[in-house]
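For the record, the sequence lines run as chains A and B.
The numbering used here puts the first sequence at residues 157 to 292.
The numbering used here puts the second sequence at residues 8 to 163.
For the record, the hints were derived by calculation from the structure and aren't laboratory data.
Note that the Cβ used here is the ideal one computed from N, Cα and C, for glycine as well.
According to the in silico footprint, chain B covers these stretches of chain A (three or more CB under 8 Å from chain B):
(1) 158-167
(2) 200-210
(3) 217-229
(4) 269-279
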Amino acid sequence: MSMLRIFDVAGSAVSAQSQRLNVVASNLANVDTVATPDGTPYKARQVVFQTLMLGAQQATAGVQVSAITESSEPGRRVRDPAHPNADAEGYVTYSNVSAVDEMVNMMSASRSYQNNIEVMNTARSLLLKTLQIGQG
Amino acid sequence: MQRMINRLTASLDFHTQALQLRADRQRVIASNIANADTPGYQARDFDFAAALRQATGVNSGNLGGSSGGRSGGMASNLGADIAANVMGRGLGGSSNAAVHLQYARPSQTSADSNTVDMDRERASFVDNSVNYEATLRFLNGSVRTMLDAMKSPNQG
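Pulled out of the complex, with its shape left as it was, chain A reads as follows:
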């Protein structure tokens, strides 16, 4: 029943995509986080996907999140001397999250998630039909 492996493959992809969505959610939540004068601001995070070979069979390739990297871009600086977290020159450093990038990333993740769910549904219905060979 080689079709049963499809659930492992699509399942790993769904879990990787949901992890990506989680990261996007935390980036978006921190889009306006400011750095304290001495601390560092929130850095946008990004998941790194990697192919995960399932079992000895070639081409049964799942996905896993191999790492979560932090963006090294400088944070957004806004001049606001009245802000409690402003530095000596009167600038406030916000996180380096780009809301537009994150929205695009979110849409891509949700599309991929849907695709994989559909793959699982199709595999499920085919397997159920296979189980009914010779009946009624």
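Once you have looked at the hints, place chain B on chain A.
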């Protein structure tokens, strides 16, 4: 007796092989879809007709209709090139023949060198599921015909 059973199941064998290959292809395509966002992943697929011909030993001429045309050598006629290829062993595990997996040629290049074309994969996936189901029906038909033949006339 053994020979007679073989005759009875010969018609099933062809479709069984086809079904097995359809399931393998479904899995390969599912892997491509799963890895749509993985950097550096190369999409894979295989030529179904060639794989079926190789698995059943039937020539392309009578691939479509026949069940009786199986000429014996299942995995024996594996070419050396295929054996030496990436695969090594049977793709399906249970299937006798090794499937010759190929890499897809990308229609558009991407910065992360991923070659999965989602539109093509979706189309192949649907096409393959419909074909899987068709094969399943053929198989079901043969099984049912055989069961009907086994029934006694007064059994309804």
